[in-house]
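Colleague: In case you want the letters, here they are:
There are 2 protein chains.
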Amino acid sequence: MYPKRLIHQAISNPDFPVVETKYGKLRGTWTDDCFIFRGIEYAKARRFHLPEEPDCWEGVKAAVAYGPVPDEISTRIPGDAFTEPHYWYPQSEFCQNLNVWTPSIDRDRKLPVMVWIHGGGQEHGSAIEISAYDGEELAKWGNVVVVSVNHRLNVLGYLDLSSYGEEYQDSGYVGMMDLVQSLKWVRENIRSFGGDPENVMLFGQSGGGFKILELMQMPTADGLYHKVSIHSGTGKDTCFTHENAAPVARDIAEYLGLTKESIREIETIPYYQLAKATNYAYDRFIERTGARLQWTPPVDNEKFFGNPQIEGVQFREETKQIPMLAGSVLGEFTSSCHHNDQIGDIDTWSQETVEALLKERYGVYADDILEQFRKAYPDKGAANALYVDVFMRKPHRNLCRMRADQGCGPTWNWIFAMDMPCYGGSTPWHNADEAYIFHHAEYFESEYIPGVSERVQDEMAGTLVAFAYTNNPNHTGLPQWETVTKDRFPTMVFDRKSEVRYNHDEKLIDLVEKAGALGPGGKGPVRTYGGGPRAHV
Amino acid sequence: MYPKRLIHQAISNPDFPVVETKYGKLRGTWTDDCFIFRGIEYAKARRFHLPEEPDCWEGVKAAVAYGPVPDEISTRIPGDAFTEPHYWYPQSEFCQNLNVWTPSIDRDRKLPVMVWIHGGGQEHGSAIEISAYDGEELAKWGNVVVVSVNHRLNVLGYLDLSSYGEEYQDSGYVGMMDLVQSLKWVRENIRSFGGDPENVMLFGQSGGGFKILELMQMPTADGLYHKVSIHSGTGKDTCFTHENAAPVARDIAEYLGLTKESIREIETIPYYQLAKATNYAYDRFIERTGARLQWTPPVDNEKFFGNPQIEGVQFREETKQIPMLAGSVLGEFTSSCHHNDQIGDIDTWSQETVEALLKERYGVYADDILEQFRKAYPDKGAANALYVDVFMRKPHRNLCRMRADQGCGPTWNWIFAMDMPCYGGSTPWHNADEAYIFHHAEYFESEYIPGVSERVQDEMAGTLVAFAYTNNPNHTGLPQWETVTKDRFPTMVFDRKSEVRYNHDEKLIDLVEKAGALGPGGKGPVRTYGGGPRAHV
Chain F
346 MYPKRLIHQA
356 ISNPDFPVVE
366 TKYGKLRGTW
376 TDDCFIFRGI
386 EYAKARRFHL
396 PEEPDCWEGV
406 KAAVAYGPVP
416 DEISTRIPGD
426 AFTEPHYWYP
436 QSEFCQNLNV
446 WTPSIDRDRK
456 LPVMVWIHGG
466 GQEHGSAIEI
476 SAYDGEELAK
486 WGNVVVVSVN
496 HRLNVLGYLD
506 LSSYGEEYQD
516 SGYVGMMDLV
526 QSLKWVRENI
536 RSFGGDPENV
546 MLFGQSGGGF
556 KILELMQMPT
566 ADGLYHKVSI
576 HSGTGKDTCF
586 THENAAPVAR
596 DIAEYLGLTK
606 ESIREIETIP
616 YYQLAKATNY
626 AYDRFIERTG
636 ARLQWTPPVD
646 NEKFFGNPQI
656 EGVQFREETK
666 QIPMLAGSVL
676 GEFTSSCHHN
686 DQIGDIDTWS
696 QETVEALLKE
706 RYGVYADDIL
716 EQFRKAYPDK
726 GAANALYVDV
736 FMRKPHRNLC
746 RMRADQGCGP
756 TWNWIFAMDM
766 PCYGGSTPWH
776 NADEAYIFHH
786 AEYFESEYIP
796 GVSERVQDEM
806 AGTLVAFAYT
816 NNPNHTGLPQ
826 WETVTKDRFP
836 TMVFDRKSEV
846 RYNHDEKLID
856 LVEKAGALGP
866 GGKGPVRTYG
876 GGPRAHV
Chain G
346 MYPKRLIHQA
356 ISNPDFPVVE
366 TKYGKLRGTW
376 TDDCFIFRGI
386 EYAKARRFHL
396 PEEPDCWEGV
406 KAAVAYGPVP
416 DEISTRIPGD
426 AFTEPHYWYP
436 QSEFCQNLNV
446 WTPSIDRDRK
456 LPVMVWIHGG
466 GQEHGSAIEI
476 SAYDGEELAK
486 WGNVVVVSVN
496 HRLNVLGYLD
506 LSSYGEEYQD
516 SGYVGMMDLV
526 QSLKWVRENI
536 RSFGGDPENV
546 MLFGQSGGGF
556 KILELMQMPT
566 ADGLYHKVSI
576 HSGTGKDTCF
586 THENAAPVAR
596 DIAEYLGLTK
606 ESIREIETIP
616 YYQLAKATNY
626 AYDRFIERTG
636 ARLQWTPPVD
646 NEKFFGNPQI
656 EGVQFREETK
666 QIPMLAGSVL
676 GEFTSSCHHN
686 DQIGDIDTWS
696 QETVEALLKE
706 RYGVYADDIL
716 EQFRKAYPDK
726 GAANALYVDV
736 FMRKPHRNLC
746 RMRADQGCGP
756 TWNWIFAMDM
766 PCYGGSTPWH
776 NADEAYIFHH
786 AEYFESEYIP
796 GVSERVQDEM
806 AGTLVAFAYT
816 NNPNHTGLPQ
826 WETVTKDRFP
836 TMVFDRKSEV
846 RYNHDEKLID
856 LVEKAGALGP
866 GGKGPVRTYG
876 GGPRAHV
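Taken in order, these protein sequences are the chains called F and G. Reading the first sequence from the start, the letters are residues 346 to 882 in the numbering used here. Reading the second sequence from the start, the letters are residues 346 to 882 in the numbering used here.
Treat the hints as calculated values from the structure; they're not laboratory data. Among the hints, a few may not be true.
One copy or any two copies: either way a pair holds, since identical chains are not told apart in the list.
Claimed, not checked - In silico BS3-like cross-links for lysine-lysine, where the CA-CA straight-line distance does not exceed 30 Å:
| hint | residue 1 | residue 2 |
| --- | --- | --- |
| 1 | Lys406 | Lys529 |
| 2 | Lys831 | Lys852 |
| 3 | Lys605 | Lys621 |
| 4 | Lys389 | Lys621 |
| 5 | Lys406 | Lys370 |
| 6 | Lys704 | Lys406 |
| 7 | Lys367 | Lys605 |
| 8 | Lys406 | Lys725 |
| 9 | Lys621 | Lys406 |
What you are looking at is a predicted structure, and each value in this text was computed from that prediction instead of being measured.
Let the sequences and hints guide you as you build the complete structure.
Modeller: This is the structure in structure tokens:
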């Protein structure tokens with residue numbers, strides 16, 4: 346994803362490294378003991394139609410450069426690209442491509458396969474959007490095959506045009522079906538890249554978590570993966586049905602002047618016109634419902650059974666036994682980093698200042714919240730109590746509980762609580778865990794603490810790698826860690842001193858929620874995007 | 346520009362590193378002995394109007410994330426992002442920002458300042474477009490202040506609307522005037538970043554070279570820089586005048602349905618409509634002239650005296666004494682790398698194959714060209730004679746000669762001829778020199794040769810740094826190197842064994858040109874872009 350100081354000369358010759366796929370030969374790059382194959386086309390698709398298998402080719406095709414990333418409705422510079430280093434890339438709706446990092450291209454190695462599903466809700470992002478998504482270090486250190494996938498998003502991935510005729514019955518699912526197609530590609534081709542198609546783990550953060558939970562509720566994806574790891578990937582509380590999705594399609598068609606008769610033109614109009622129409626539909630959606638439109642596939646209880654985070658939705662029998670890791674981050678969207686650049690290390694504030702701010706944020710609950718925070722995180726300064734996320738943490742707790750109650754497979758819960766070094770000291774934010782999950786925190790200015798990051802990323806990446814190898818995240822670098830049960834809620838707290846705690850933040854979360862300080866939508870200091878330039882409209 | 350494995354913890358606190366500029370305080374980042382300030386706004390501007398000084402601000406403003414890059418008409422994935430690693434970024438027409446890398450923020454250090462002006466003709470690119478543009482390694486290794494600048498391009502930077510009224514008399518110059526404004530910012534502020542405003546060097550490649558030559562022909566830029574280094578930055582053979590630029594404005598206005606009366610709307614229409622109109626104007630231009638439109642400021646012999654590469658244009662008295670470095674690359678657009686990915690190392694071809702290809706490419710001149718190539722590059726295999734650029738090299742030779750003939754200041758000439766490791770072995774291509782100029786070839790998969798790159802980048806970056814310090818590129822790491830005179834044409838050939846050669850490729854260039862194998866437009870294997878996704882239209 347980004348250049349790294351090389352140890353060896355990189356090799357990408359016509360004859361090495363070359364692998365045979367179902368569709369033809371691919372030439373990648375070998376460098377510093379890692380094989381890298383970028384921009385592999387796993388499907389082709391017409392706009393608003395299901396993905397199909399790619400065409401076969403003669404000879405050797407280059408897989409040395411990334412493929413285009415999904416078209417977005419708008420592309421902005423994050424409020425602080427310093428705390429979240431990004432890798433933007435040219436966009437296209439023809440973005441069905443994936444990347445592979447692997448220590449071996451021996452068919453008999455059968456290494457665990459970790460498929461990264463990116464975040465950005467189901468609206469934004471790409472397989473390479475955030476620099477931390479680079480799989481090289483994780484593949485080498487963990488001796489695993491890392492795959493990252495691009496697939497259609499937003500209006501291109503989820504616009505439900507089924508009310509416009511049989512031909513479009515699947516248009517609300519094509520974004521998810523791209524993902525399914527990519528997993529079929531993994532099943533059929535990953536052995537050539539040293540991977541084991543019978544041991545595939547999905548891991549994803551934020552929107553990547555939603556998408557994993559949705560895949561678990563889509564019968565067509567059954568059997569294509571064997572375990573899942575969901576990071577800060579909850580908090581979704583609405584889902585489309587064909588009924589409540591129809592008005593969105595109507596608004597867009599209306600804006601474009603299209604009718605049932607002329608709707609086919611929507612497949613060929615320039616993308617920026619479609620994006621403009623989508624912005625119109627966003628505004629109308631807020632007028633109608635009071636809420637922001639969140640793209641999802643429509644629930645029909647055939648193709649898709651709904652996101653299990655939503656009241657009343659059950660895990661499917663076919664997938665409920667899938668082992669799960671689930672974790673979130675202490676600060677998430679409320680992290681102090683979003684204003685520490687002005688105020689510096691919050692642990693240097695006076696007691697008076699902290700108490701005043703706690704009162705302002707939590708009102709009558711301030712004292713109880715501070716007391717509970719001290720019990721939950723005894724080593725942290727009181728000011729950190731201002732930046733406790735419950736927007737992600739609470740649904741994660743509910744997800745783990747629900748799985749225990751519904752007799753699902755094993756679920757392990759974690760939280761990333763380590764103070765980040767930037768701006769003198771900041772609670773970790775939404776995305777801060779990825780540099781550690783991918784085992785390369787030493788590449789990130791805002792997150793690297795010499796002598797500390799090395800150990801913590803061994804613990805966190807080691808957890809995912811152990812899970813990938815054994816279906817159990819326990820490894821010798823960490824204390825023993827048990828699953829969530831009806832009467833036991835252990836959480837691995839990843840910090841300067843990582844340890845397992847039991848129900849350690851239950852009361853804290855409930856109090857913060859009572860105080861109405863949920864973060865986004867709540868009273869707390871929330872993360873705002875810079876509203877930078879838009880690539881399209 | 347891209348994450349690097351860090352040695353120290355990066356620091357970006359409210360109080361350090363903070364510098365005072367004319368407009369207010371800026372907070373950057375300190376990491377691994379380099380201070381980095383990203384996305385500094387040096388001007389603000391209305392569309393099609395001259396840049397103005399930015400507003401002042403209170404408190405400390407963050408300069409930790411890059412600013413938006415210039416809007417392009419289309420953004421594509423290069424044919425091979427492997428040989429040319431890119432760093433794309435969100436675009437905006439409000440892109441008047443620059444980046445600073447410096448080893449010191451002591452006002453009294455007064456280090457030489459090297460201002461990088463990016464390529465992409467005057468149509469494409471940005472200050473951070475190519476990963477090699479990152480200034481950190483050069484600033485630290487060379488002990489210099491490196492600045493890179495974003496400025497308006499294409500229709501936004503050069504559309505000459507002067508025929509639509511007094512208000513738009515400058516619109517054809519605003520892209521260049523952004524650059525001038527950035528150099529004024531350097532003059533007034535760079536001391537706070539450890540730089541010497543009295544010792545400013547401009548260096549740029551490809552379109553960056555055009556832009557430097559154009560600045561030398563614009564009186565308003567006089568005194569803002571003290572030496573120039575032009576890399577593969579020639580070959581431009583047309584220039585606009587108000588007369589021949591007018592039809593372009595007319596085509597765009599016509600497409601947008603704008604008249605003299607309504608032309609002001611062109612300042613507020615959505616950018617993608619303007620981009621669409623521009624594509625229309627591109628097609629019309631080709632119909633009218635048979636040539637591709639190349640944006641330039643219009644020659645009026647007041648604001649701009651024309652590109653001195655063009656027949657009959659003289660260097661201005663005010664700038665002709667400016668010392669100049671001028672160099673190009675052996676392969677440029679004809680480099681073998683553009684098909685070596687299929688054929689591998691050309692030095693493994695049989696003599697028969699090589700001779701057949703030479704005949705095919707050079708016809709009756711094949712034998713003479715091979716003989717001259719062997720004289721010019723005795724250590725290189727015959728197949729390399731197929732990939733000799735003259736499209737850049739010849740105008741560079743002419744530029745150096747013209748300066749000698751016109752009694753201009755000293756001019757040193759170089760060529761980068763080192764075989765690149767990718768695809769088994771490739772002649773160096775257009776852009777291949779930048780990883781060496783910026784002293785970080787070890788970050789580039791396609792260019793790094795352990796044990797060799799380290800020395801060659803010391804030689805090349807050392808040449809620019811010596812020139813920045815002393816106005817003379819000679820340094821102890823290289824053989825003695827003289828300027829071009831009327832009767833002497835020395836060229837520093839940067840290669841595994843760098844040496845000064847005299848008129849070494851004169852006959853070769855003339856023969857290749859006679860054979861009509863100019864590269865682009867010629868018969869030779871030329872570099873083609875992948876025609877990847879477009880960000881706008």
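Colleague: Hint by hint, say whether it matches the structure.
Modeller: These are the hints, each one checked on the structure:
no., hint, result
1, Lys406 x Lys529, "within (20 Å within a copy, 49 Å between copies)"
2, Lys831 x Lys852, "within (17 Å within a copy, 86 Å between copies)"
3, Lys605 x Lys621, "both (20 Å within a copy, 29 Å between copies)"
4, Lys389 x Lys621, "both (25 Å within a copy, 27 Å between copies)"
5, Lys406 x Lys370, "within (6 Å within a copy, 51 Å between copies)"
6, Lys704 x Lys406, "between (62 Å within a copy, 29 Å between copies)"
7, Lys367 x Lys605, "neither (39 Å within a copy, 60 Å between copies)"
8, Lys406 x Lys725, "between (53 Å within a copy, 29 Å between copies)"
9, Lys621 x Lys406, "neither (36 Å within a copy, 33 Å between copies)"
The structure shown violates the earlier hints numbered 7, 9.
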